[in-house]
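Chemist: Sequence lines, in order, name chains A and B.
Using full-length UniProt numbering, the first residue of the first sequence is number 1, and each one after it goes up by one.
Using full-length UniProt numbering, the first residue of the second sequence is number 1, and each one after it goes up by one.
The hints are simulated quantities; they were obtained by calculation from the structure and are not laboratory data.
Just so you know, these numbers come straight off a predicted model, no measurement behind them.
One or more hints might be untrue.
Which copy is meant is left open, so a pair is good if it fits within one copy or across any two.
[Said to hold, decoys possible] Taking lysine-lysine and the BS3-like style, the derived pairs with C-alpha atoms no more than 25 Å apart in a straight line are:
| # | residue 1 | residue 2 |
| --- | --- | --- |
| 1 | Lys162 | Lys114 |
| 2 | Lys220 | Lys495 |
| 3 | Lys250 | Lys47 |
| 4 | Lys250 | Lys228 |
| 5 | Lys66 | Lys137 |
| 6 | Lys415 | Lys156 |
| 7 | Lys156 | Lys402 |
| 8 | Lys483 | Lys47 |
2 protein chains.
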Amino acid sequence: MGRRSLLLLLLAFLTPGAAIPVPPALRALSSLHLSTSFRSRPAVAMKYSIHYIQQKVDHFGFHTDKTFKQRYLIADKHWKEDGGSILFYTGNEGDIIWFCNNTGFMWDMAEELKAMLVFAEHRYYGESLPFGANSFKDSRHLNFLTTEQALADFAKLIKYLKRTIPGARNQPVIALGGSYGGMLAAWFRMKYPHLVVGALASSAPIWQFENMVPCGVFMKIVTTDFRKSGPNCSESIRRSWDAISRLTEKGTGLHWLSEALHLCTPLTESQDVQRLKDWISETWVNLAMVDYPYESNFLQPLPAWPIKVVCQYLKNPNVSDTWLLQNIFQALNVYYNYSGQARCLNISETATSSLGALGWSYQTCTEMVMPFCSNGIDDMFEPHSWNFKEFSDDCFKQWGVKPRPSWIPTMYGGKNISSHTNIIFSNGEIDPWSGGGVTKDITDTLLAIVIPEGAHHLDLRASNAFDPITVLLARSLEVRHMKQWIKDFYASLRKMH
Amino acid sequence: MGRRSLLLLLLAFLTPGAAIPVPPALRALSSLHLSTSFRSRPAVAMKYSIHYIQQKVDHFGFHTDKTFKQRYLIADKHWKEDGGSILFYTGNEGDIIWFCNNTGFMWDMAEELKAMLVFAEHRYYGESLPFGANSFKDSRHLNFLTTEQALADFAKLIKYLKRTIPGARNQPVIALGGSYGGMLAAWFRMKYPHLVVGALASSAPIWQFENMVPCGVFMKIVTTDFRKSGPNCSESIRRSWDAISRLTEKGTGLHWLSEALHLCTPLTESQDVQRLKDWISETWVNLAMVDYPYESNFLQPLPAWPIKVVCQYLKNPNVSDTWLLQNIFQALNVYYNYSGQARCLNISETATSSLGALGWSYQTCTEMVMPFCSNGIDDMFEPHSWNFKEFSDDCFKQWGVKPRPSWIPTMYGGKNISSHTNIIFSNGEIDPWSGGGVTKDITDTLLAIVIPEGAHHLDLRASNAFDPITVLLARSLEVRHMKQWIKDFYASLRKMH
Chain A
1 MGRRSLLLLL LAFLTPGAAI PVPPALRALS SLHLSTSFRS RPAVAMKYSI HYIQQKVDHF
61 GFHTDKTFKQ RYLIADKHWK EDGGSILFYT GNEGDIIWFC NNTGFMWDMA EELKAMLVFA
121 EHRYYGESLP FGANSFKDSR HLNFLTTEQA LADFAKLIKY LKRTIPGARN QPVIALGGSY
181 GGMLAAWFRM KYPHLVVGAL ASSAPIWQFE NMVPCGVFMK IVTTDFRKSG PNCSESIRRS
241 WDAISRLTEK GTGLHWLSEA LHLCTPLTES QDVQRLKDWI SETWVNLAMV DYPYESNFLQ
301 PLPAWPIKVV CQYLKNPNVS DTWLLQNIFQ ALNVYYNYSG QARCLNISET ATSSLGALGW
361 SYQTCTEMVM PFCSNGIDDM FEPHSWNFKE FSDDCFKQWG VKPRPSWIPT MYGGKNISSH
421 TNIIFSNGEI DPWSGGGVTK DITDTLLAIV IPEGAHHLDL RASNAFDPIT VLLARSLEVR
481 HMKQWIKDFY ASLRKMH
Chain B
1 MGRRSLLLLL LAFLTPGAAI PVPPALRALS SLHLSTSFRS RPAVAMKYSI HYIQQKVDHF
61 GFHTDKTFKQ RYLIADKHWK EDGGSILFYT GNEGDIIWFC NNTGFMWDMA EELKAMLVFA
121 EHRYYGESLP FGANSFKDSR HLNFLTTEQA LADFAKLIKY LKRTIPGARN QPVIALGGSY
181 GGMLAAWFRM KYPHLVVGAL ASSAPIWQFE NMVPCGVFMK IVTTDFRKSG PNCSESIRRS
241 WDAISRLTEK GTGLHWLSEA LHLCTPLTES QDVQRLKDWI SETWVNLAMV DYPYESNFLQ
301 PLPAWPIKVV CQYLKNPNVS DTWLLQNIFQ ALNVYYNYSG QARCLNISET ATSSLGALGW
361 SYQTCTEMVM PFCSNGIDDM FEPHSWNFKE FSDDCFKQWG VKPRPSWIPT MYGGKNISSH
421 TNIIFSNGEI DPWSGGGVTK DITDTLLAIV IPEGAHHLDL RASNAFDPIT VLLARSLEVR
481 HMKQWIKDFY ASLRKMH
């Protein structure tokens with residue numbers, strides 16, 4: 001897998017959908033699930049108000065005193081001044097409204113915890129752009145896009161809310177986040193324990209960094225998901241790479257493949273082949289992340305257990321190259337065209353259409369250096385070693401910066417985090433990011449919750465009738481711990497007064 | 001007290017001495033103490049090697065990838081690979097060799113803890129200048145002088161030492177520091193608990209910030225020191241300010257006073273009067289800090305219990321203005337001329353002669369905003385309220401930056417630090433900085449040690465025959481805790497393997 005797709009793994013969520021005719025079989029599946037899962041419980045109305053706070057562009061330097069507007073959302077329908085709490089979503093690499101809408105768990109527990117919900121947008125994403133349209137112009141403007149600055153924004157925001165909202169001052173705050181937002185939630189509790197009583201870090205791969213986990217673990221989990229979702233499924237994909245290579249060696253191969261895969265822009269030169277493979281790999285990776293047990297609309301509309309649906313098309317690896325790739329198209333089409341809106345498949349759209357993608361690309365080129373590799377044996381992908389030098393050179397070309405792979409472990413402790421307290425690390429076992437996550441208790445207040453049937457931060461999603469029992473248990477455990485943190489907070493408050 | 005002197009309180013240590021004939025009485029006192037305290041125990045030979053590490057100028061931004069050389073010292077005479085430890089001095093606002101030479105406690109306990117001693121120089125001080133001679137040129141060059149950058153330097157250095165010194169990898173590190181260095185030691189444990197098992201923060205006024213302690217507490221303690229060191233001593237000083245005002249209202253007053261105080265540069269205009277008062281105030285403050293029980297040479301040579309010696313000249317407040325100020329001169333002369341080298345007293349030298357002073361002035365104008373005030377009732381100084389607006393305007397004039405008084409409490413937790421562990425806060429009760437220090441246990445691993453007869457970080461100084469029993473007890477308690485941290489570290493290491 002090439003560098004481009006590695007940069008985009010987390011960002012896949014942000015990719016807008018494409019549009020081709022939907023296979024009738026899928027439509028049927030769709031309506032089946034709609035009639036049950038979507039209607040099984042009354043939806044919690046997500047009503048929030050939108051606010052802005054002036055933040056220093058640079059919390060860590062005084063040469064510039066510039067400020068920018070950070071956006072945040074507040075929902076206080078169930079908030080109680082008396083004995084209440086504040087659930088604070090540490091926003092990640094995208095529009096905060098989108099994260100807000102996809103974090104139903106917070107909405108579901110608001111009443112029980114008498115909680116005010118706050119969703120804070122991460123700087124350089126959504127509307128929170130330090131230099132407006134120039135924010136991504138060059139490394140000088142991007143200089144303030146770091147985890148440390150983002151955490152400092154959160155700290156200032158919490159202090160501001162406590163100061164300005166009557167009744168909020170003496171309330172416990174809990175940080176919550178998923179994926180990169182989960183890392184931020186955990187790191188926020190580590191670095192600012194005076195501001196949050198605990199953190200729920202869902203699907204937060206805080207160990208997907210230098211020398212902490214094998215670089216191949218991610219693709220291995222993706223592969224396992226496909227292997228378990230249908231007979232010969234991962235094997236079909238494993239064989240597809242050589243099939244693509246063989247086909248595109250021939251003169252007419254690029255044209256044939258472009259037609260067979262309904263690509264919006266035909267492949268024209270040999271280097272397009274690697275781009276195509278990267279894009280297909282990314283699709284399988286994304287599917288592994290959003291392999292939810294019910295019809296969902298996170299990235300775009302997908303059926304329940306989408307990998308199972310994909311694997312229906314990939315039962316037979318022992319077919320001709322053209323046949324195999326026609327099957328691959330059907331499989332891709334599940335992901336890109338469940339809605340039936342896609343006219344063709346666009347292999348480059350994910351890379352450039354969103355500010356989020358730009359910001360995240362920069363972050364992976366600076367602090368968030370996550371080594372990935374594949375070997376084609378333990379996984380179904382083509383072998384790619386992790387080549388830091390090449391990665392670094394590419395980063396310098398693209399952004400004019402050099403990644404510092406040892407910084408995150410130095411700053412946030414790597415595997416040596418046992419002196420911290422009150423963090424829950426939850427991971428879905430089928431989520432490839434669980435490979436870089438904390439999946440075993442570290443101490444009795446640094447807890448790991450593993451959800452066997454869980455994809456990427458399933459526990460943060462709204463309750464659903466098709467939720468496996470394991471995620472219900474996970475959520476109930478999470479709520480129990482959060483209640484304990486809140487109780488402990490009020491107990492120590494009473495002791496002080 | 002005006003802003004200038006406030007900025008220099010901590011830096012007084014860095015002031016080079018002046019030179020006037022020594023009164024014979026003091027010479028006698030001097031030789032008396034030399035014959036006992038200085039010779040009472042064999043001096044520990046302070047042999048260290050000097051090293052440099054390349055550090056990023058900006059740990060928190062990627063636009064610049066520039067590096068600079070940070071200096072550090074290593075003394076490993078007593079270090080043992082087997083069961084040993086690393087004592088890491090978190091350097092503060094000055095030349096690291098000077099701190100090394102004045103932190104005898106580390107040398108005294110090296111053998112018992114089988115410890116390697118490391119003294120790390122703080123960026124922008126001593127030789128560790130990010131932009132060489134241009135480091136203090138303007139706010140652009142000074143932009144990287146922050147506590148966060150300094151702590152990051154320490155983190156990188158510790159990781160580097162563990163990686164490169166054979167046998168150091170699996171050893172516990174303890175952070176130690178005094179004064180601002182003590183704050184850094186405590187903050188380092190709070191922010192990087194994965195790198196140090198604990199911290200000894202001696203005379204670290206981590207609460208001398210916005211809204212945490214009364215702004216007058218500092219000057220009140222200074223006054224108490226003088227009040228208790230001789231009859232009418234603080235009262236004489238309290239009356240001296242009006243005496244100066246009355247004298248200098250007259251035409252010849254400035255000239256007379258310049259002569260009486262042996263000033264190197266005569267006072268010529270009315271605004272010199274405030275400068276003079278600030279300088280005298282600062283002298284009393286400095287004396288309160290270095291009021292050690294034995295002859296010492298920290299800032300410059302001083303007798304044992306120097307305030308007592310000073311107060312011998314200030315027994316009678318009910319004298320004429322000229323008489324009172326001649327007594328004040330005798331008192332000042334104890335501080336500025338115990339060595340007998342001073343030819344005159346220089347009231348502006350402390351402000352400009354040292355790079356350290358520049359750096360610290362900038363730091364107080366950015367992060368290290370410590371409110372001070374006096375009222376002339378609870379203290380012996382002229383009333384001065386804390387005027388943030390004026391302070392901020394002065395900072396902008398001098399450095400082109402605006403102070404952010406709420407930042408340190410936001411970053412380091414203010415009074416809400418109970419979730420951290422393994423920090424000892426030691427304070428001398430006669431040290432004015434104890435007013436902003438932690439003087440009561442917070443939890444059973446966040447401990448306060450108070451040394452009733454202790455001046456500024458007396459416990460960090462080399463053992464001395466004249467040490468009061470309370471500092472011996474403090475040191476022994478500190479060593480006991482450090483040994484426990486080391487023991488716990490090795491126990492958990494064994495558990496892991």
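Chemist: Look at each hint and say if it fits the structure.
Modeler: Here is how each hint holds up against the structure:
no.: 1; hint: Lys162 x Lys114; verdict: within (16 Å within a copy, 48 Å between copies)
no.: 2; hint: Lys220 x Lys495; verdict: neither (50 Å within a copy, 30 Å between copies)
no.: 3; hint: Lys250 x Lys47; verdict: neither (56 Å within a copy, 74 Å between copies)
no.: 4; hint: Lys250 x Lys228; verdict: neither (34 Å within a copy, 97 Å between copies)
no.: 5; hint: Lys66 x Lys137; verdict: both (17 Å within a copy, 21 Å between copies)
no.: 6; hint: Lys415 x Lys156; verdict: between (28 Å within a copy, 17 Å between copies)
no.: 7; hint: Lys156 x Lys402; verdict: between (29 Å within a copy, 17 Å between copies)
no.: 8; hint: Lys483 x Lys47; verdict: within (24 Å within a copy, 55 Å between copies)
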